[in-house]
Amino acid sequence: MKQVKFVTGAFLFLIAALSISSASAEDTATPAKPDDSAKTTAVKPKPALNPWVDCGIGAMIFSETKWAAVTSNILWDYGTTAVTSASASPNTCESSRAKMDAALLINNSYEKLAEETATGQGEHLTALLNTFGCNFTNHSSAIQEIRNAMGRTVSVPGYINQPYAEKAAKLYFIADEVTSKTCTI
Amino acid sequence: MDPLSELESTLNAFAAAPLANPDQHAQCQFPARLQWLKTRLRGHPAFRADVKCPAFEKWTQSGNVSSLSVIYATGYLGNPASYYGHTLLKFNFGDEQGKAGLMDVSLNYGAILEGKDDDMLSYLIKCLIGGYEGGFSHIRFYFHEHNYGDIELRNLWEYRLDLPQESVRLVVAHAWEVLGKRYTYYFFRHNCAYRMTELLEIVDGLKLTPDIPPWVIPQSIVQILSGTQYRGKPLLAEVIHHPSRQSRFYEKYLSLSADESSALKNLVYKKYSFTDSQFQEMPLPSKQAILDTLLDYYQFIGVPLDRAPDEIKQSYAITLATRYQLPPGTPPVRALNSVAPQDGYPPGWVQVGWQHNELLGNTLSVRIRPAYYDVLDTDSSHVLNAALSMFDIQINAGERKTYIGKLDVINVESANPGLSGLPGDSGTAWKLRLGGEQLRLWCNNCFGARLQGDWGYGRQFVHGLFGAIYVGGALQDNQINQGVAYAKTSTALIFKPGNDFSMRLAYEQRLPIKSSQGSYDLLSAEARLALGKRSDLRLSYDWDGIRSFKVALGHYW
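Chains as they are written, first to last, in our numbering: chain Z, 4 to 188; chain E, 42 to 598.
If you anchor each label on the Cβ, the simulated ranges turn out as follows: (1) Z:Q124 x E:G135: 16 to 26 Å; (2) Z:Q124 x E:Y498: 31 to 41 Å; (3) E:R223 x Z:A51: 33 to 43 Å; (4) Z:G161 x E:E155: 36 to 46 Å; (5) Z:E148 x E:L572: 55 to 65 Å; (6) Z:G161 x E:R375: 30 to 40 Å; (7) E:E239 x Z:G161: 49 to 59 Å; (8) Z:A51 x E:K311: 39 to 49 Å; (9) E:Q319 x Z:E148: 30 to 40 Å; (10) Z:G161 x E:G370: 22 to 32 Å; (11) Z:S158 x E:Q319: 17 to 27 Å.
Source of the hints: derived by calculation from the structure; they are not laboratory data. Remember, it's a predicted structure, so these values are computed and weren't measured experimentally. Cβ coordinates follow ideal geometry from the N, Cα and C atoms, glycine included.
Construct all of the structure, not just a fragment, from the sequences and the given hints.
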């Protein structure tokens, strides 16, 4: 557990450093001149919401249980899922409810999702696509695209030792992008 | 409180104007009462207030619960609080195809620890005597599916109920009412199974909680469910098995052909790798089957994988990357021949028999085991080749004397079946027994307390044949010069070709400590034949310098 917290903290520091540097770049971006209609300067898009970094996704799953209770039949401290702290406002996270639900599912079941994506099917994968609002008729093509991207992801040297939150976030962004492009409601 | 006054107060609260915080309105706090009273007092003015309940609507997805399921998690011998299994309630919303699933809301009841750091013994005692409050929590089903199935390696059985929609809505509404309520948690009676059935029994005409015995065991509830009729139809609509990671690994492993199994072993022992021709030239379905089996294997032995040794993690990573290089597809897998919990034996057992002791003569033997199972009658609804019993007492009545043969306060035997024999699946086994018994077979006035523990390894040799070896010892009452303790080694063979017949052979050598008694050997053999679903016939033989035989009939209740 301590190891997870240390690695997670290091990851958050890295993300914060990158965010500061990108924000600085954005602040210094030159706005378009109103009398120069031929050319405009591109504005960097706002970074997509990262449920792990921005919304403390690991803690969110417990905050939804109405009380922070431990049952007599579940041992919590396996350190198998990432617990991160939130930096965005609850409203920001709550407004993307479906995406938060998808992120929670990924955070809890990342390994099974990675395995099911490898085999091309599975109930966790189906649940993920449904949660992203992907129409059933588009599942097959969405799975293929997610599979292609995940195949590259898991082949990266050192993949297995990447922080859990990082691996989960990658799958989230892959699935989010694929379903945005491929799936229609 | 006077019921009429309570009713009037309730109706007044329901009739109140909407509040600034709508979820605080009585109609939103007590939706089950509202629903029930509406059917009894149709058109009453109290129901005219236009109250919206955003939180309740969100929780029920605007009343979109299509059915209810009771989830049963099989027992787990790694945690005494989980020995008897666990029950949850699931609200099935259904996906596009109408299938219930992982995103459904599940309701769980248990002891509220709230950061208390009690050691295991304190925890157990408090659970028994009501030292904790209990309460409900709700979470998506995938959370429990992961923790029970992948971490604790417990099978989940889902029992979908056939209830009319108004009954489903009533149970869901009542569940909302009790969220946040605090109860006193009692492990034996007012436990998870009791509270689940209490929720379901809000439906008129549904009775699931047994009055006898005074305790409630989760498996008993699913057995009652499976035999219950509601409005002329079986209450049980469907049984769905959610196998654990361990079960999925064993299913895949046992489905491999001889060549595939051999290749898998070679890969595990690094005789060759995925890039070598021995693997590359295998047919695609074989490669897929081997890789899928290995993924489950590494997760099983490494659980949780994040904390596994680096070698296991690296092996898993290479397996996963290789799987992505192959086309998608899943070869067929044969399901394990499992006995579902609702079809298992009831938890209580009583046995009456005739016992002949070479020295002590003939006695009538009566044995009462309130719960739960031993190595001969355990099935896949429990932990295979394991035993769990509490307050198991045997009384012998002879011509001249009646005496207690044994009293097990608790007896636990845990044995990983080690079906594959691969590294990490070699079958760790342990035993723990606390109670009292006649310290030797040749005396009936030597009843003494005894605490025994053993550690060892077990292995499933072929289908139906399991063997184990142990080292251990015991602390005991020093009676008839048997010493205060002894060390021991033991072996056991369990033969179980099917569910109806089983046999156990055991040998033990004991070395008493601080006793003039030298080491001595014990032999035992016991055979069991099932007589239908609720009875059995057992023959047993014991040797401790003298012989003892017993033939007895048992009945499950």
